[in-house]
Every structure is written in C-alpha cells, then in structure tokens.
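> Two chains, two separate frames, one set of hints: put the complex together.
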Amino acid sequence: MALMPKRVKHRKVMRGSVRGFAHRGNRVVFGDHGIQALEAGWISAQVIEAARITANRFLGGEGRLYIRLFPHKPLTSKPLEVRMGTGKGEPEYWAAEIRPGQVLYEIAGVPEEVAKRAFARVAHKLPLKVRYVPRRTQ
Amino acid sequence: MKTKTLTTRPRAERGSRACLKLRRGGEIPVNLYKATQGDGPTQLVNHALAASAYDVMQLLAHHDALLEVAFGGGKELAVVREVQRDAFGDDVLHVDLQVIDATKPIAFEVELAFKGEAKGVRSGGRLMVQKRRLAIRALPSAIPESIEVRLDDLDIDQYLHVGELTLPAGVELDDEDPKGLVVHVAPAATEAELAAGAAASEGAEPEVIGKPKEDEAAAAAAPAPPAKK
Numbered sequence: 136m137a138l139m140p141k142r143v144k145h146r147k148v149m150r151g152s153v154r155g156f157a158h159r160g161n162r163v164v165f166g167d168h169g170i171q172a173l174e175a176g177w178i179s180a181q182v183i184e185a186a187r188i189t190a191n192r193f194l195g196g197e198g199r200l201y202i203r204l205f206p207h208k209p210l211t212s213k214p215l216e217v218r219m220g221t222g223k224g225e226p227e228y229w230a231a232e233i234r235p236g237q238v239l240y241e242i243a244g245v246p247e248e249v250a251k252r253a254f255a256r257v258a259h260k261l262p263l264k265v266r267y268v269p270r271r272t273q
Numbered sequence: 271m272k273t274k275t276l277t278t279r280p281r282a283e284r285g286s287r288a289c290l291k292l293r294r295g296g297e298i299p300v301n302l303y304k305a306t307q308g309d310g311p312t313q314l315v316n317h318a319l320a321a322s323a324y325d326v327m328q329l330l331a332h333h334d335a336l337l338e339v340a341f342g343g344g345k346e347l348a349v350v351r352e353v354q355r356d357a358f359g360d361d362v363l364h365v366d367l368q369v370i371d372a373t374k375p376i377a378f379e380v381e382l383a384f385k386g387e388a389k390g391v392r393s394g395g396r397l398m399v400q401k402r403r404l405a406i407r408a409l410p411s412a413i414p415e416s417i418e419v420r421l422d423d424l425d426i427d428q429y430l431h432v433g434e435l436t437l438p439a440g441v442e443l444d445d446e447d448p449k450g451l452v453v454h455v456a457p458a459a460t461e462a463e464l465a466a467g468a469a470a471s472e473g474a475e476p477e478v479i480g481k482p483k484e485d486e487a488a489a490a491a492a493p494a495p496p497a498k499k
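Chains as they are written, first to last, in the working numbering: chain A, 136 to 273; chain B, 271 to 499.
Next comes chain B alone, as it looks inside the complex (with noise of 0.2 angstroms):
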C-alpha cells in the first residue's frame, strides 16, 4: 500500500462549537492518537489536529489509508481507523487516525477485490457475496491495496471460505473464521421467490402484545360452570 502525506496544524480549541467553525473554514478536525510504551502501562496520548477537508476527501477516496501526518513539525507514520461523515454520507465531520510502527505487524481490514466472471453466474446462478472485507495482520509496508478473489471456478451450489483465499507473502487473517463465507453461488431466483411478499393475509391485525387473544377473552368473560353438588 502507497504512503500518502496528510499535512495538519495542532488546533487548540475543542468542542463541538470549535469543530463547527472549523468545518466551515473548509478543515476538519483530525485526532491522531499514539500508544507509548513507558515503566508502566501503556499511555494513549491524543494530538487534536486539523486538516484541509480536500486533502482528506481526497485520500480517503483513493482508500488511501496509510499516512504519513506531518504536524507541529514532525512526521508520524498513521491509519485511518474511524471516520465520521453526516448523515448523507458526503462529507467527512471527522477522522481518527492512530500512530503505528513500521516494525511490527498491525491489524488492518483489507477489501477483497472480486475478479473473473463465475462459472455459476454465466450458466444463469447469482453471485451472492458475504465479505467484503478482510482482517489482516502484517507488516505496514506488507499491506496491500485489496486481496484478489479469483470466482473463475465457483460453479452453482458452491461457495467460498476465507481458508480457501490466497493471501499475499507476508500477510496472515486476523481474528478471522476460516471457515467463514466469502461468497457462494446461489441458482436464479424462482418466479415464486420474486412474488414472495410478507407472509400477511389482507386485514389481518397484527397480535397486541400483552393483550388477550379473542377467544381466550371470550372464555375469561364467559361465567363459570356452577359447582357440582
């Protein structure tokens, strides 16, 4: 994976209202948090930075999600681990990026990138795909862009696992089932499954929860047989 250059500047105010100004002068407010490792346990310690609201529109579509941040004057190699957008998903409110070590492996969800046309699908089955991403472990400069997934061979009834996939050198899964379902071929869709609605009769009403049922009303109400003699 390419290493890109964000370029930010320590920012001083915090809170919302500081964020809102922010954003509207066209930056967006970017927290980058680093794990030190001292005599005791491990401190996380948080830089609050601001970043050109292109620059960050621009890496993030390019899934460019190893960085290079250069603030206060110093660099840090970083990933992208949350990003807030609103709620039509355009723009981007806010980022948060952690510091790692170009020596040691890191945990990192991969997209998986589908290649070839199945066998399945060209013979008239639906390609029905579970993952799209994968977590991996290694190395910064061992990750990659995407992991191919090959479907040439997936025929109709058959699936995929993640222990079936071919990972590039250097890289291994992540808290990942290998026996999880990547993606499997189903057959075409029935004419019967394409007019399946709800299971619901016309005017029927829906169970009132706590509420009972008719009959067993009509039974509470009813009086009681007299009492044998």
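Bound conformation, chain A alone (with noise of 0.2 angstroms):
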C-alpha cells in the first residue's frame, strides 16, 4: 500500500514549483549509508513503495532500511476526453517534493558494497539522478 498523510488540512493544492536546494534533510541520519538526490522533482507514493520493496528484497532482512521522504502533496487529474473548465480535477495520487541534496533513504547494518547494490537497485526505480553517501562524522 502506497503512503499517504491520515489528515490533511486542504484536499488540493495548486502545483508549486520545487526550488532551491535541501537545506534540511541533507545528511545521513539513522543508517551507515544514504541515497541522495541530485535533482529535484516529485517522487509518488507508488514510486517510494516500489523502491522500499526492491531495497528490502535485496537485503533480505539484513540491516534496516529507513525511508527518508513522505508523499505530503495531492496531485489531481481530470478524466480522459473531459472538457476543459468546470474546476479543478480530483486528487489521483500523493508525491513527495524532492529538492536537490535531500537524502530519500538510509541502511543501517550491511557493509558499505550491499548497500551501494541495494541502492542501486532502489536508484532504477526513481525518476531523479541520486548519488550514494555515506554517513559523515562532520
């Protein structure tokens, strides 16, 4: 099941644009080992399980992977072949807002080569360029 916030306070929001960089968000937290955006864009719900189930697969229960981005943003679409006007369309699925640096997920517990083929795999799935990173002292 895709992720999605249990309360919200508007059912839609306008688009946005995504500018700037992770000032916040941007280092490796809780794992040994992190993947990093490069780029910014949005990353759907869908997306973020899809990758979460790769990385678990490939570790198999070794080490612990933590999921470092949330899909806060309703993104609406009309139906096909529907005239333009009569309002906004209805929310189809949630993303997350990814600016450049952010670190969208950590593993803890493997060494440094599982991670970076874990990450590898999870880095196929999403839609922006990522880097892997490891944990920094300072």
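Hints listed in this document are in silico derivations from the structure and should not be mistaken for laboratory results.
Glycine included, C-beta positions come from ideal geometry on N, C-alpha and C.
One should not assume that every hint holds.
Which chain A residues stay away from chain B? Per the calculated CB distances, all over 10 angstroms, these [claimed, not checked]:
id, residue
1, GLY151
2, LYS208
3, ALA258
Partner residues aside, some chain B positions facing chain A, computed with beta carbon under 8 angstroms [unchecked claim]:
id, residue
4, GLY359
5, LEU397
6, VAL399
7, ALA458
8, GLU475
Structure (structure tokens):
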C-alpha cells in the first residue's frame, strides 16, 4: 500500500514549483549509508513503495532500511475526454517534493558494498538522478 | 587525540559577499571564539580568520578535531565546534572553533567504534545502533580518537546501555543518561515486516481538518424532527 497522509488541511493544493536546495534532511542521520537526490522533482507514493520493496528484497532481512521522504502533496488529474473548465480535477495520487541534496533512503547494519548494490536497484525505480552518500561525522 | 596545526590569517572583511569571495579564492571563513575571564562576566572574543579550504577539508576528513590554530603571530589550542556544509554535504562553507585551556576538562563528543560481530548477528539477528557519538568530559590530552564498543557477547534481544561502556582513563560521561541505549540486537525481520507498508487502503482519502465528516454533514443537513406538542 502506498503512503499517504492521515489528515490534511486541504484536499487539493496548487502545483507550485520546487526551488532551491534541501537545507534540511540532507545528511545521513539514522543509518550508515544513504541515497541522495541530485535533482528536484516529485516522487510519487507508488515509486516510494516500489523502491522500498526493491531494497528490502535485496537486503533479505539484513540491516534496516529507513525512508526519509513522505508524499505530502496531493496531485489531481481530470478524467480522459472531459471538456476544459468545470473546476479542478480530483486527487489522483500523492507525491513527495524533492529538492537537490535530500537524503531519500538510508540503510544501517550492512557493509558499504551491499548498501551500494541495494541503492543501485533503488535508483532504477526513482525518476531523479541520485548518488550514494556515506554517513559523515562532521 | 593527536593535535594538528591549522594555519590561518586574519580576515578584515565580514559579511556574506566577502565570504563568497573568500571561498572562490580557495579559502574558508573560520571564526575562533575565545572566552576571557575578567573581573566581570565572561567575555567571548571572536577572531575572524580565513584558512585554506584544502587544509580544512583534510583535517575534517581525518576526524582531527583538536587543533593548534596559528593566527596573527600567535597560537591557540582549539576544538571544532561547528562545521557548515553546502546542501550536498560536500563543501565546507564555514567552521567555528573554540579556544580551550589544556589544563581544564572540556565537553566533547567522541565517535563510538563498534568492534567485533555480535553473537546475535551471527545467528541471524540485526544490529540496531541507537547512539554513534558519546558526550564526554576530559582533559584535551586525554580525549580519545574514539571509544571502542565490543559487541561479541551481545545475543538476540540483548541491549547495551551507556552505563555499560568502558571509558578510557580520565574520561567521564557528560550529560549522558547511563540508561541510554547504545545498541541492541533485534531478531531478523519477518516476511510480514518486510511486506508491511503504510496502513492505507486503496482509494482512501485522508481526513480534511476542519471539514465535518460525511455522516455528520448529512445529519446536520437533515431536517430537524418536529417538536412534540
């Protein structure tokens, strides 16, 4: 099941634009290894879930995977073959807004090589350019 | 902990534009704070310095946090208190240093070095590290590079707390709860845990804050029963 908020203030929000860099959530905090976005964009809840399943299947119960992103943004769409107008479409899916620098997933308790291979599989699922980042002490 | 030397020069210009110029020239702005005890309250003196970006990156890469800072003809023993990095965590933007007295204990955070493989991990458990740095208080000369934590005897569902760590001589805990968890060995993840995602049903919508629920709205919209005469 894909992630989504339990309570929201508004059912629909404007699309907005993703500007600037991630100045929070841009360090590996919980695990030893992380995967960091190098581009801005949206990652849908389905993609977050697909990447999680991929990483967990590869890890096979070893270590621990941390998800550092959450789909807060509702995205709407209009049905096919509908005339323009008559208001905004209905919420279709949820997505996380990602800024360059944000750490998306973290892995703890496995060697670096294993984490890199798991993240390579995760990267195939993601619609953004990403890179591996180790935990930094300072 | 070994002491490394960082050569700096005083910088006259302050502000973000001056710092930007400095970084473009291959230097990093460094602030050296020194507490001076006079008759009155403790005064904090700030020395605005600039250091070679390469030197600073080399020092930080090797976890050398105890420094002998050379500036303006003088030398001070200092520790790194804060490092500002760019959004990607690659480049160092600014470093804050604090002058310390070699004869007085200081508060410091030291890395925990986990050694050995836990018994529980060998039998299929997962090592869950909760704490990676430890706040200690020690003389600058007694600060260790890292504090070793032996994991060999930890079995599944066993815990290691801060109070059980073996600290080197001359080192004591600083503002750490002895009952704080350092590491524990959890059982291997079950299939159900691995498959568990968010507990949301397909097509469900989140509750909208401030909007009455459908049944409440319907009840409010329904005509009120006629009052009994």
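> Decide, hint by hint, whether the structure agrees.
Results for each hint:
1. GLY151: Its Cβ never comes within 10 angstroms of chain B, the nearest being 19 angstroms, so this holds.
2. LYS208: holds, 12 angstroms
3. ALA258: holds, 16 angstroms
4. GLY359: holds, 6 angstroms
5. LEU397: At 5 angstroms from the nearest chain A Cβ, LEU397 (chain B) passes the 8 angstroms test, so the hint holds.
6. VAL399: It holds, given that the least Cβ distance between VAL399 (chain B) and chain A is near 6 angstroms, below 8 angstroms.
7. ALA458: Interface hint status for ALA458 (chain B): holds (5 angstroms vs cutoff 8 angstroms).
8. GLU475: holds, 7 angstroms
In this structure, none of the earlier numbered hints is contradicted; all agree with it.
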